[in-house]
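Enquirer: Using the sequences and the hints given, assemble the complete structure.
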Amino acid sequence: MPSAESAADALRSPGPRLRRCATLYLRLVGYGFRKHAAYWAAAAAGAFTNTVFGVLRAYVLIALWRSRPGLGGYDVTDAVTYCFLTQAYIGPMQVFGGGLELPQRIRSGDIALDLVRPASLQLWCLSEDLGRAIYLFLARSVPPTIAGALLFGIVTPGDAGTWAAFAASFLLGVVVSFGWRYLVALASCWVLDDRGLSVMSMVLTTFFSGLMLPLVLFPGWLGTLARSLPWAAMVQVPADVYLGKTGVAGALAFQGFWALTLLGLGALATTAARRKVVIQGG
Amino acid sequence: MVSPVRTYALLAWTWTRAAAQYPLSFTLMTLGGFVLGGLDAAVIWVIFANTTTLGGFGLSEVMFLYGTAGLAFSVGDLMFSNLDRISQHIKAGTFDAMLVRPVSPFVQVATDRFVPHRIGRVLQGALVLGIGLSGVHVPLERAWMIPVMVLSGIVIFTAIWALGGAAQFLLTDAPEVANAFTYGGGTLVQYPLSVYGDNLVRGVTFVLPLAFVNWQPGLYVLDLEDPLDLPHWLRFLSPAAALALALVAGLAWRAGIRRYRSTGS
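So the protein sequences, as listed, match chains S and A. Counting from 42, one number per residue, gives the positions in the first sequence under the numbering used here. Counting from 270, one number per residue, gives the positions in the second sequence under the numbering used here.
Treat the hints with care, as some may be off.
[Stated by the list, open to error] A few chain S residues that face chain A, going by a derived Cβ cut-off under 10 Å, partial list only: (1) A104; (2) R109; (3) M243.
[Said to hold, decoys possible] Which residues of chain A face chain S? A few of them, derived with a C-beta cut under 8 Å, are: (4) Q290; (5) T299; (6) V304; (7) I316; (8) L323; (9) E445; (10) Y460.
Hints are computed from structural coordinates only; laboratory data are not their basis. The structure displayed is predicted, hence computed values, not measured ones. No residue lacks a Cβ here, since even glycine has one placed at the ideal position from N, Cα and C.
Expert: Right, dumping it as structure tokens:
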């Protein structure tokens, strides 16, 4: 984390503690944004790939909804909109996993430095991750959605209320995604080979978030289970809020519950990691 | 100079032995690939839990198309997908070292950090193909096409990876663009092409010949009408399409290497 020294200045600056903390974390959001903005070509390439996959998946969904109109309470346009929204979430929600520097820092031992900083490791990572999400929203969410609207036509909510609810739901989706990825990353403190874990996380997230297919299509108990797990809060729920297919209060409460649960588990895991890490040499 | 095939086998085997030093990790990663590939099959299963036909095709026919596509794609992925790491070699300067060795750079890039656990996806593709085949009636006089189409598909995907690698000589900062064509192509042919728009199907028939991986020969094996009414003889052209694309890819790869100027030091 090259931004550490200059960000830590915020803690030393005069003023009440709360304000100093707010300055620190806001600064980290900015650094996260700038760190990812440096790789604009990679983000553009990602947006292109997301658009191509959006087109392919849209055709499959159109074929399915042609044979079963109204399936799951969606019409064809809803399904196409859902498809491009989910492609737009891949960047900010980091649906394929990763996005945090934590595993490398655990392997290299730099985590010892992060743990003795006078700032919460979890909030530090969350701030940087929010900055990353804001940049990727602009670079990798907006272009595929516009492409989908031009190529197939998508639903756009007419009222400001839905847009506000969607913004809140989107943000909560990013926080839930962070909560999960932070736990997976911190697990590298205990598991020596983290690749197996990240593959498992990717399997769970891509399938149970609703990225590959809307969860409304999952039959019976599998559907009930999938819609109550945290991954649904990353993709399915924000998409349903956008499409107006779900009660806003219930949806936000569901996402809030998982955000708090995962962040709480992450805080416990951070405390445990602090006890687990042994600094060698001196 | 040693034959490229022998060098390829030697280098790939070296990396396989290295991976086998960590048997638990190797087993888990192979299993992971199997499960990850299985997700696409699970998607098909969920779709058919909601409908009986997709684009005019039943479950077994879609599984057959998915299986042939999955097998061809995953063998290409196992053997040659490391070609898409060439921009990393260019940036790190390791590509220069490859150019001075007396071994084809193509073989070196393809085998560098060879990932043997990708065999998991090959097994998964083969399994789905077996399940699909058990549900469709294919007489022996048409079954000969199945190995031909899988081999042609492997060549087509390998050529796309080589084209993607060649493009990275120009797009060193954005190697992910190639993913849209390699992984995108692999995803496109998982479904009957009848679900896609007509122009897209014409594009992947006459420009980037993905339709020859499993769609045109698959119509022959399953003895079905072409929804687009394209000529019947296209069904037998997979090997020719594969060779033509391989030729283009080979030329592009050579042009890329010729154009390459090291940054020096």
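Enquirer: The structure should be examined with respect to each hint, and the outcome stated for every one.
Expert: These are the hints, each one checked on the structure:
no. : hint : verdict
1   : A104 : 4 Å, holds
2   : R109 : 5 Å, holds
3   : M243 : 7 Å, holds
4   : Q290 : 12 Å, violated
5   : T299 : 10 Å, violated
6   : V304 : 6 Å, holds
7   : I316 : 6 Å, holds
8   : L323 : 5 Å, holds
9   : E445 : 4 Å, holds
10  : Y460 : 6 Å, holds
Consistency with the previously given hints fails for numbers 4, 5, ordered from lowest to highest.
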